[in-house]
Amino acid sequence: MLPWALLGLTIFFLFVTYIIVQGSRAATAWRSAAATGDLTVIRMILDDSISGWRTQKRPKAVDPEVWRGVQSMQLTDLAAGFVRVFCQAHSEQRLRDGRWIEVKNPLQEGIDITARAAELLFYDMPHYRPDRIQVDVYTAFREGEGPTQNVCIMSTVATREQAREVDWEEWSAGDIVDGLGGRYRPGEFGQPLPIEVEPPSGVLEEMPPPQKAGRQR
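No gaps in the numbering here: position 136 of the sequence shown is 231 in our numbering, and each next residue is one more.
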C-alpha cells in the first residue's frame, strides 16, 4: 500500500506544480501584453477589476456611501498608459429627531470616492499599472426650475509620480485629492457646482465587446 500512496502523492504534487506553472505563465502573458499597450488586454483587465470591486465586500474602514460610489465605477476611456472612469456620488442623509438631515453633500462624498477609486486604479489591478488616471465624479443636479441632470462635479487627472508622493495611510481624502490635483467648484455654502470636462476619446466604442481576463495575480 505504501508505494501506491507515495505514487498518488507524487502525482498530486506534479498536478499542483503544473497548475501553478500554467498560472504563472498566464499572468506573465497578461502583464507583457498590457506593458506593450495592447488595448484589448488592458480593457479586459480593467473590466475584470471593476467587476471584482462591485462584488467585493466593503472594507470596514470605508463608509457605506463611499463604497457604493466606488462600486458605481464605469470605464469611459483608456489608452496604453491611461485609464478614465466615472463614479456617481449622492448626498448622505440621516434621520435625526424625525427629520432627514444632510450630513455630507455630493461634493464631500465625491472627494472620498475619488481618493478610494484612485488608490484602487493605481495599486489594486493585476497585470496592469497605468501611468495616468482620470476619475470623474457625477451627481444629479438641478438648476432653478430646469430638469434634473447628471453633471460632473469633480475631475481628478493624476500621474503615478503624483501618487507616489501621497501618504495613502495617513492623509485625509481631501489631502489625497488635493495632492493628486483634483478639480472641483464649491458653491457659496459648499454645495457642488458643475464643471466642464473633455469628452472621452471614443476608443471604447470602436473596440469589440470585452472578454473576461480572469483574476490571476
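Hint data in this document are derived by calculation from the structure and do not stem from the laboratory.
Any given hint might turn out to be false.
So the derived label-pair ranges between C-beta atoms look like this [to be verified]: (1) Arg194 <-> Phe284: 14 to 20 Å; (2) Trp263 <-> Thr150: 20 to 26 Å; (3) Asn245 <-> Thr150: 42 to 48 Å; (4) Glu264 <-> Gly132: 29 to 35 Å; (5) Gly193 <-> Glu265: 16 to 22 Å; (6) Lys155 <-> Trp266: 17 to 23 Å.
From a predicted model like this one, the values you see are computed outputs, not experimental measurements.
Backbone N, C-alpha and C fix where the C-beta goes; we use that ideal spot for every residue, glycine too.
*asked:* Are any of the numbered hints broken by this structure? If so, which, sorted upward?
replied: 3, 5
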